[in-house]
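Visitor: Below, each chain spelled out in residue letters.
Protein chains: 4
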Amino acid sequence: MGKEMSPERKEFLKKDYSQGFIADVGFEAVHCKRGRLESRLKVLKRHRQQDNYLHAGVIAAMADHTAGYAAFTLVPEEYRILTIEFKINFLEPAWADSLVCRSRILREGGQILVGESEVFDHRPDGEVLVAKAIVTLKAVHSSKIKQAII
Amino acid sequence: MGKEMSPERKEFLKKDYSQGFIADVGFEAVHCKRGRLESRLKVLKRHRQQDNYLHAGVIAAMADHTAGYAAFTLVPEEYRILTIEFKINFLEPAWADSLVCRSRILREGGQILVGESEVFDHRPDGEVLVAKAIVTLKAVHSSKIKQAII
Amino acid sequence: MGKEMSPERKEFLKKDYSQGFIADVGFEAVHCKRGRLESRLKVLKRHRQQDNYLHAGVIAAMADHTAGYAAFTLVPEEYRILTIEFKINFLEPAWADSLVCRSRILREGGQILVGESEVFDHRPDGEVLVAKAIVTLKAVHSSKIKQAII
Amino acid sequence: MGKEMSPERKEFLKKDYSQGFIADVGFEAVHCKRGRLESRLKVLKRHRQQDNYLHAGVIAAMADHTAGYAAFTLVPEEYRILTIEFKINFLEPAWADSLVCRSRILREGGQILVGESEVFDHRPDGEVLVAKAIVTLKAVHSSKIKQAII
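Which chain is which? The protein sequence lines are A, B, C and D, in order.
Using our numbering, read the first sequence as starting at 1 and increasing by one per residue.
Using our numbering, read the second sequence as starting at 1 and increasing by one per residue.
Using our numbering, read the third sequence as starting at 1 and increasing by one per residue.
Using our numbering, read the fourth sequence as starting at 1 and increasing by one per residue.
Note that these hints are calculated values from the structure, not bench results.
A few of these clues could be false.
A pair holds if it fits inside one copy or across any two, identical chains being indistinguishable in the list.
Said to hold, decoys possible - Calculated lysine-lysine pairs in the DSSO-like style (CA-CA distance at most 27 Å, straight line):
hint, residue 1, residue 2
1, 15, 3
2, 45, 15
3, 42, 146
4, 45, 146
5, 33, 3
6, 146, 10
7, 14, 45
None of the values given here were measured: they were computed from a predicted structure.
Chain A on its own, in the form it takes in the complex (with noise of 0.2 Å):
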């Protein structure tokens, strides 16, 4: 399964993780090892719907952009990662102050990686699975990925 990240690629990553919309969205990376991330939301109002629950699309993107980088941790540092697709259910509505994203790598071993996310509603009586998704990511050399001129 190969070695273990330096503690510097662990700091880049969990840095790397919150940029662009995420960033604005709130979503921070609290946790990382070998084929592991955890994330988490400190959610606001503005991240509700009007009957208060999270809006589906917030958990999605929390539970894509989590398997990401759990696969970031498990290519070479000159790889980026693309999500080809996702699935993701929604099991219960989530309401609470902080939502929690576990994704790790099912797959590795080549340039198609697959994962799962599990997100959880971290409710004062305790976690509950709120979504879990199974999420396809390609490996792609960032020599390959141009930037895009807007």
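Assemble chains B, C and D onto chain A, guided by the hints.
Guide: The following block gives chains B, C and D in isolation, referenced to the frame of chain A:
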């Protein structure tokens, strides 16, 4: 297949579409008719990743929410729509300054509705299909949905 | 979480598992308990492709059907289980002479149940996870299902 | 979009479609052109469940395999197509004596292809859409695929 919506219902759904997280991100309903809804996002810097491509989470939230409102056009006014699950494939990176989503319902006639969403990057030289989703939805009588107490 | 099934119910479900197409292909239930079911296929030449790998369709049928019967362990006896949808990722080719599927229900407590299935290739040197699926199921009272007239 | 296939290539793909498990179940390719393939199943008693409806596993195998061969129409002859994953929604029960699947590729132009499959129940009063799938496929050079030794 039942009758067309009233103009008032159409206006209500288009307005109702943008609340909470959806309004915060900036998605808007543009057109609707029985079983179909089209939405739009004016893309801002905060929707992008560090490479200027749109984040997959933005596209997924749009595909899910727009399919949900396509379902709303088919159920009586006292029903709400919940997402059971969805699956989305990302076909191309999106980088233009406007995103369009068109959703239609493939299966109605019961508590479970199934829709599909196509998301297009609105480029200067024409629209390009960047993502396709299938969304499973559930119609629930509003009396059975309680407001989350937070 | 309710009570364990009676031994009679367990025997009934294991026998009921293999009928029609499922019996024709050769899938068999091996164990079951509340919310879980394990099935097995003795792989024959007719299940393979021209390259001797197992066809994805065999693996998918097993993942779907086994999740359905895991759901059967949680509903009253007068209910039937229908598959609304499923998604499956193929992680490795399967080539051994026996396939094992383990399914468990992630969400119960309503008309919609969600299960996950893991399919393992039973190789001489141990089991290897070759596919993972998420399955959305619906419990329907048997009085609401009519026999197809053909 | 490249050129149309030769008549010889079309005949080859239609014949190649039915081997191993696929031939055993009875699926047959009927038509193909660039990026599209149509297949058919004459439904027999062994494809049905105890209630005479077609088993979901039969429909899923058809949706997967037909999308795979739609992809074959777009790649050079020395490439093979593997299924990475698929997702399928079951919209209606199928009970007629013939099933038709039409697949088309949504994304080509690289190693990853994405197709969609629509499965129709061929009823006396017309075709009814009974399932829809999205299938993610990978084109692999045949020199990189080894025969399983069993």
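Visitor: It remains to establish, for every hint, whether it holds in the given structure.
Guide: Results of checking the hints against the structure:
1. 15 to 3: within (21 Å within a copy, 47 Å between copies)
2. 45 to 15: both (25 Å within a copy, 19 Å between copies)
3. 42 to 146: between (33 Å within a copy, 23 Å between copies)
4. 45 to 146: For residue 45 and residue 146, the Cα distance is within 27 Å only across copies (18 Å; inside one copy 36 Å).
5. 33 to 3: So residue 33 and residue 3 pass the 27 Å test inside one copy only (10 Å; across, 38 Å).
6. 146 to 10: Close inside one copy (25 Å), not across copies (37 Å); limit 27 Å.
7. 14 to 45: both (25 Å within a copy, 22 Å between copies)
Checked against the numbered hints above, the structure violates none of them.
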